[in-house]
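J.: Protein sequence lines, in the order shown, are assigned to chains G, E, L and R. Plus 3 on top of the position in the first sequence (first one is 1) and you've got this note's numbering. Plus 3 on top of the position in the second sequence (first one is 1) and you've got this note's numbering. Plus 3 on top of the position in the third sequence (first one is 1) and you've got this note's numbering. Plus 3 on top of the position in the fourth sequence (first one is 1) and you've got this note's numbering.
Keep in mind that the hints were calculated from the coordinates and are not lab data. Ideal Cβ positions, reconstructed from N, Cα and C, are used throughout, including at glycine. Among the hints, erroneous ones may be present.
Stated by the list, open to error - Computed list of chain R residues with no C-beta within reach of chain L, every gap over 10 angstroms: (1) Glu15; (2) Gly18; (3) Gly20; (4) Leu91; (5) Gln94; (6) Arg97; (7) Glu101; (8) Thr102; (9) Ala183; (10) Val187.
As the list claims (entries may be wrong) - Pairwise CB distance ranges, derived in the manner of DEER restraints: (11) Ser64(G) with Arg184(E): 42 to 50 angstroms; (12) Tyr66(E) with Gly18(L): 54 to 62 angstroms; (13) Arg250(L) with Leu95(E): 19 to 27 angstroms; (14) Ala17(E) with Ala17(G): 16 to 24 angstroms; (15) Asn103(R) with Arg184(L): 49 to 57 angstroms; (16) Gly134(G) with Asp133(R): 32 to 40 angstroms; (17) Arg184(L) with Ala70(R): 31 to 39 angstroms; (18) Val19(R) with Arg250(L): 31 to 39 angstroms.
Listed below, chain by chain, are the residues.
Protein chains: 4
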Amino acid sequence: MEKLTMDNDGFEVAGVGFASRLILGTGGATSLDILEQALRVSGTELTTVSIRHFAAAGCGSVYELLARNSVRPLPNTAGCFTARDAILTAQLAREALETNWIKLEVIADEHTLLPDPIELFTAAEELVNDGFQVFAYTNDDPVMAMRLEQLGVAAVMPAGAPIGSGLGILNPHNISTITARASVPVILDAGVGTASDAAKAMELGCDAVLLASAVTRANNPPLMAAAMRDAVRAGRAARLAGRIVQRDLALASSPDSGMMQALIGDFS
Amino acid sequence: MEKLTMDNDGFEVAGVGFASRLILGTGGATSLDILEQALRVSGTELTTVSIRHFAAAGCGSVYELLARNSVRPLPNTAGCFTARDAILTAQLAREALETNWIKLEVIADEHTLLPDPIELFTAAEELVNDGFQVFAYTNDDPVMAMRLEQLGVAAVMPAGAPIGSGLGILNPHNISTITARASVPVILDAGVGTASDAAKAMELGCDAVLLASAVTRANNPPLMAAAMRDAVRAGRAARLAGRIVQRDLALASSPDSGMMQALIGDFS
Amino acid sequence: MEKLTMDNDGFEVAGVGFASRLILGTGGATSLDILEQALRVSGTELTTVSIRHFAAAGCGSVYELLARNSVRPLPNTAGCFTARDAILTAQLAREALETNWIKLEVIADEHTLLPDPIELFTAAEELVNDGFQVFAYTNDDPVMAMRLEQLGVAAVMPAGAPIGSGLGILNPHNISTITARASVPVILDAGVGTASDAAKAMELGCDAVLLASAVTRANNPPLMAAAMRDAVRAGRAARLAGRIVQRDLALASSPDSGMMQALIGDFS
Amino acid sequence: MEKLTMDNDGFEVAGVGFASRLILGTGGATSLDILEQALRVSGTELTTVSIRHFAAAGCGSVYELLARNSVRPLPNTAGCFTARDAILTAQLAREALETNWIKLEVIADEHTLLPDPIELFTAAEELVNDGFQVFAYTNDDPVMAMRLEQLGVAAVMPAGAPIGSGLGILNPHNISTITARASVPVILDAGVGTASDAAKAMELGCDAVLLASAVTRANNPPLMAAAMRDAVRAGRAARLAGRIVQRDLALASSPDSGMMQALIGDFS
Numbered sequence: 004m005e006k007l008t009m010d011n012d013g014f015e016v017a018g019v020g021f022a023s024r025l026i027l028g029t030g031g032a033t034s035l036d037i038l039e040q041a042l043r044v045s046g047t048e049l050t051t052v053s054i055r056h057f058a059a060a061g062c063g064s065v066y067e068l069l070a071r072n073s074v075r076p077l078p079n080t081a082g083c084f085t086a087r088d089a090i091l092t093a094q095l096a097r098e099a100l101e102t103n104w105i106k107l108e109v110i111a112d113e114h115t116l117l118p119d120p121i122e123l124f125t126a127a128e129e130l131v132n133d134g135f136q137v138f139a140y141t142n143d144d145p146v147m148a149m150r151l152e153q154l155g156v157a158a159v160m161p162a163g164a165p166i167g168s169g170l171g172i173l174n175p176h177n178i179s180t181i182t183a184r185a186s187v188p189v190i191l192d193a194g195v196g197t198a199s200d201a202a203k204a205m206e207l208g209c210d211a212v213l214l215a216s217a218v219t220r221a222n223n224p225p226l227m228a229a230a231m232r233d234a235v236r237a238g239r240a241a242r243l244a245g246r247i248v249q250r251d252l253a254l255a256s257s258p259d260s261g262m263m264q265a266l267i268g269d270f271s
Numbered sequence: 004m005e006k007l008t009m010d011n012d013g014f015e016v017a018g019v020g021f022a023s024r025l026i027l028g029t030g031g032a033t034s035l036d037i038l039e040q041a042l043r044v045s046g047t048e049l050t051t052v053s054i055r056h057f058a059a060a061g062c063g064s065v066y067e068l069l070a071r072n073s074v075r076p077l078p079n080t081a082g083c084f085t086a087r088d089a090i091l092t093a094q095l096a097r098e099a100l101e102t103n104w105i106k107l108e109v110i111a112d113e114h115t116l117l118p119d120p121i122e123l124f125t126a127a128e129e130l131v132n133d134g135f136q137v138f139a140y141t142n143d144d145p146v147m148a149m150r151l152e153q154l155g156v157a158a159v160m161p162a163g164a165p166i167g168s169g170l171g172i173l174n175p176h177n178i179s180t181i182t183a184r185a186s187v188p189v190i191l192d193a194g195v196g197t198a199s200d201a202a203k204a205m206e207l208g209c210d211a212v213l214l215a216s217a218v219t220r221a222n223n224p225p226l227m228a229a230a231m232r233d234a235v236r237a238g239r240a241a242r243l244a245g246r247i248v249q250r251d252l253a254l255a256s257s258p259d260s261g262m263m264q265a266l267i268g269d270f271s
Numbered sequence: 004m005e006k007l008t009m010d011n012d013g014f015e016v017a018g019v020g021f022a023s024r025l026i027l028g029t030g031g032a033t034s035l036d037i038l039e040q041a042l043r044v045s046g047t048e049l050t051t052v053s054i055r056h057f058a059a060a061g062c063g064s065v066y067e068l069l070a071r072n073s074v075r076p077l078p079n080t081a082g083c084f085t086a087r088d089a090i091l092t093a094q095l096a097r098e099a100l101e102t103n104w105i106k107l108e109v110i111a112d113e114h115t116l117l118p119d120p121i122e123l124f125t126a127a128e129e130l131v132n133d134g135f136q137v138f139a140y141t142n143d144d145p146v147m148a149m150r151l152e153q154l155g156v157a158a159v160m161p162a163g164a165p166i167g168s169g170l171g172i173l174n175p176h177n178i179s180t181i182t183a184r185a186s187v188p189v190i191l192d193a194g195v196g197t198a199s200d201a202a203k204a205m206e207l208g209c210d211a212v213l214l215a216s217a218v219t220r221a222n223n224p225p226l227m228a229a230a231m232r233d234a235v236r237a238g239r240a241a242r243l244a245g246r247i248v249q250r251d252l253a254l255a256s257s258p259d260s261g262m263m264q265a266l267i268g269d270f271s
Numbered sequence: 004m005e006k007l008t009m010d011n012d013g014f015e016v017a018g019v020g021f022a023s024r025l026i027l028g029t030g031g032a033t034s035l036d037i038l039e040q041a042l043r044v045s046g047t048e049l050t051t052v053s054i055r056h057f058a059a060a061g062c063g064s065v066y067e068l069l070a071r072n073s074v075r076p077l078p079n080t081a082g083c084f085t086a087r088d089a090i091l092t093a094q095l096a097r098e099a100l101e102t103n104w105i106k107l108e109v110i111a112d113e114h115t116l117l118p119d120p121i122e123l124f125t126a127a128e129e130l131v132n133d134g135f136q137v138f139a140y141t142n143d144d145p146v147m148a149m150r151l152e153q154l155g156v157a158a159v160m161p162a163g164a165p166i167g168s169g170l171g172i173l174n175p176h177n178i179s180t181i182t183a184r185a186s187v188p189v190i191l192d193a194g195v196g197t198a199s200d201a202a203k204a205m206e207l208g209c210d211a212v213l214l215a216s217a218v219t220r221a222n223n224p225p226l227m228a229a230a231m232r233d234a235v236r237a238g239r240a241a242r243l244a245g246r247i248v249q250r251d252l253a254l255a256s257s258p259d260s261g262m263m264q265a266l267i268g269d270f271s
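So that you can see chain G by itself, here it is in the shape it has in the complex (with noise of 0.2 angstroms):
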């Protein structure tokens, strides 16, 4: 029993650590001052930004908030609906940002907003060569995840429903697929919609989760945020604890078949 404690149990990504393996993004919030309590509460260390916002119209407070929070700021592309469009704002942000890091959102549609996997592939391809540490959102196919992978991102951030739909996990099984394959971080992104799809995106072997409009629009988005920090805690623990196998026919748990047998040798 090697392990009893969850003290050390940090992740690393772009050869950089992170204590906590909660992602907050900042989407979706209806103040700076709400926003700002739930990533204390949340105890994250990493958060996306959208760089587009930040080029056109002075969302600097939003970085002074992180700043003063230790909070990474993890620019996105969101509103790109191209692989140059993306490209070009990746460039954007390395410059405003002065950080290479870029997670790379390159959307099909404004309504569904999912990603399109060849322009994604595309650019992610460039950015990879162009030196960026690529946070790749992308579907829940295992195979994208490969791919990806191969091409050099530093992460691959695979959906687990549209973003802000709140639906949880709509494939696990591809999910546990790229988690058992992948050799870079793998970061749950999108559908989350309470603490237990947190706990379970974990659970399923993800190295962290992304997230936001389940904490901002919540109705009380702090005590949201303490519970999706306990949860993805949880489900990493309950992966690294060794769950009981399902069965489908009944086992005793109680102590007349379990324990006590075992015990009454011991103690009677």
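Once you have looked at the hints, place chains E, L and R on chain G.
T.: Frame of chain G, contents of chains E, L and R only:
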């Protein structure tokens, strides 16, 4: 935003308050030492123990273990197949442990360990009339839960799945119907296999979760106990925080269509 | 390969054989004409009718409709909340329709229409002793099904989901446990919303499926009746045909790794 | 009530009409005799065959079997791992079988047989430009389906689950999103394990279902072929018939609160 922390969020059953909503059973433990570690980590304040074994063969050491960790024992009638048997066992427990609390289990067979609703109902009625605080282990039928409540039980404890199966909550619809209608505490009992199951139970409105083999038979019981502790907290907080509604069509959570439009007025 | 066709695959209940395993209820029909069309298309040979309405207010036309289509009426005790009420209603049905068959429904409340297991058990016991062939509408608890069978009911009729909910089979595990252990026919009753639900019931081992609102309240009841007729046949055939095992890892079904290797020796 | 029968409910793909919406593949068959029985029972008019085997080693007897049963062969590129390979195989098929129809499979590895979206897209584009009617075996990503449609494929064929897994439809949400948006036929391909899976595919809006091992590897392939034939018809009819809405709270379907109130005015 009245409630930011979970500090005072305990629950009360049979007139006694508990800070922890996780109830860890002792069944399936392979050593008293590991059981004690798991209990400590879990933060549980109430645990089930088999009165039959106590009476029969000296599981006194389990009671000592509970006493030194300030965990209240909840004697159960595990191993009873008839109302008569369960009633006698409950009376024995009352004398031996000087408590009128009893977890009432009347099982149909040794193979599935499913509760027998007819025997359960008969036994519950008599025990309530005899002054017991009855914690009734029942199927997940909302009508059965209601009938037990009308008898005057202290808590209804619906099974999520067969004992020891680790199948989770097979019928969330039933559990949420029970919690929506119950006036007494609802404690999910049996079926939990991993952390997300426990979180889900709380999200469905349960007041507490009872589990045993999910922890005692995990590869690393104390670590799984930590997972369950956090999962129960997470699920409870998520319930209170008011989760987002599930949507079939994606709704943007990126700043593009959410926060920033709202914020630009403030920050541009 | 003994059985290639389904031609002789009827089922028997209470000593009477039926070629069709689909039992179409009359509840929810909006006109007698459409109901008759749906019944004809469905091929059903047995249908439930409310004795209360017959007695009260002249639903004689429904019985004429059934008679001219050679559909056997199965009177039910819909609307009864207590064992006493249900017993009286069953006796009334026996006199009025000259049959000792009764579908025993004892519901807990008008809102959910869920069966009350305690009242059901009491009524079933008395009706069996009084010479009735009892078709017991029950929850999906495997122990309850077994207890009813031990009383001597003609068939157990577990609910897949609440009446009229269209939620399908909320707990397939329970239904398959019931069918694996039952010696009397198991008829899935309530919950079916669409064709795949009915097919699934048969795949889980049910002997027949009873549904009403899924057909009577569909946009096109006769077409949905055809769908249900085919679905029940499909599910039954699939059960008999022996489905492939589910596998987590993909197994090739293309000729590459399957047939052709085997065949090349024979056919090249 | 315009449509009471399914008699004219065929579907059209690449300009050709088919009365049957079940496409039975040949993979996994253990004898030509049983395959022929299954094909006949199934009513299929289109079936996939591996061109690689045809070219390599004389599966001519399969083609003769198809010819005498008036089943159109749809050559596939099973066993191809790259766009280049698949394109060459398609061209070979066109010459050998004198058809420009090709089921395009480009798989990522022999273990999972999952399609490779990047190679698939490249190959589909070139084959469409080369005059092929491309039936594209793809993952269940709605965006990928749309991109393939924009290339000009004849049909998109999303996988319900990995080939040969029998896991059914792992992500119904994705399949229904695809069918809601597609202008070309959507044919569910891979994953079907039993009849209810096939019915469900049609209920989700698919135009047809392709399956192989669910039939060829069942204990009784011809009987399972009958099950699939009926299931596809059932699911299609249910889709057209307009199913009832799912409700969380029970709605009475017994005559008490439905038909009879309505009918009493007319029939009493």
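J.: For each hint, tell me whether it holds in the structure or not.
T.: Outcome of the hint check:
| no. | hint | verdict |
| --- | --- | --- |
| 1 | Glu15 | 21 angstroms, holds |
| 2 | Gly18 | 26 angstroms, holds |
| 3 | Gly20 | 21 angstroms, holds |
| 4 | Leu91 | 16 angstroms, holds |
| 5 | Gln94 | 19 angstroms, holds |
| 6 | Arg97 | 19 angstroms, holds |
| 7 | Glu101 | 20 angstroms, holds |
| 8 | Thr102 | 17 angstroms, holds |
| 9 | Ala183 | 17 angstroms, holds |
| 10 | Val187 | 23 angstroms, holds |
| 11 | Ser64(G) with Arg184(E): 42 to 50 angstroms | 47 angstroms, holds |
| 12 | Tyr66(E) with Gly18(L): 54 to 62 angstroms | 57 angstroms, holds |
| 13 | Arg250(L) with Leu95(E): 19 to 27 angstroms | 50 angstroms, violated |
| 14 | Ala17(E) with Ala17(G): 16 to 24 angstroms | 53 angstroms, violated |
| 15 | Asn103(R) with Arg184(L): 49 to 57 angstroms | 56 angstroms, holds |
| 16 | Gly134(G) with Asp133(R): 32 to 40 angstroms | 38 angstroms, holds |
| 17 | Arg184(L) with Ala70(R): 31 to 39 angstroms | 49 angstroms, violated |
| 18 | Val19(R) with Arg250(L): 31 to 39 angstroms | 34 angstroms, holds |
The earlier numbered hints that this structure contradicts are 13, 14, 17.
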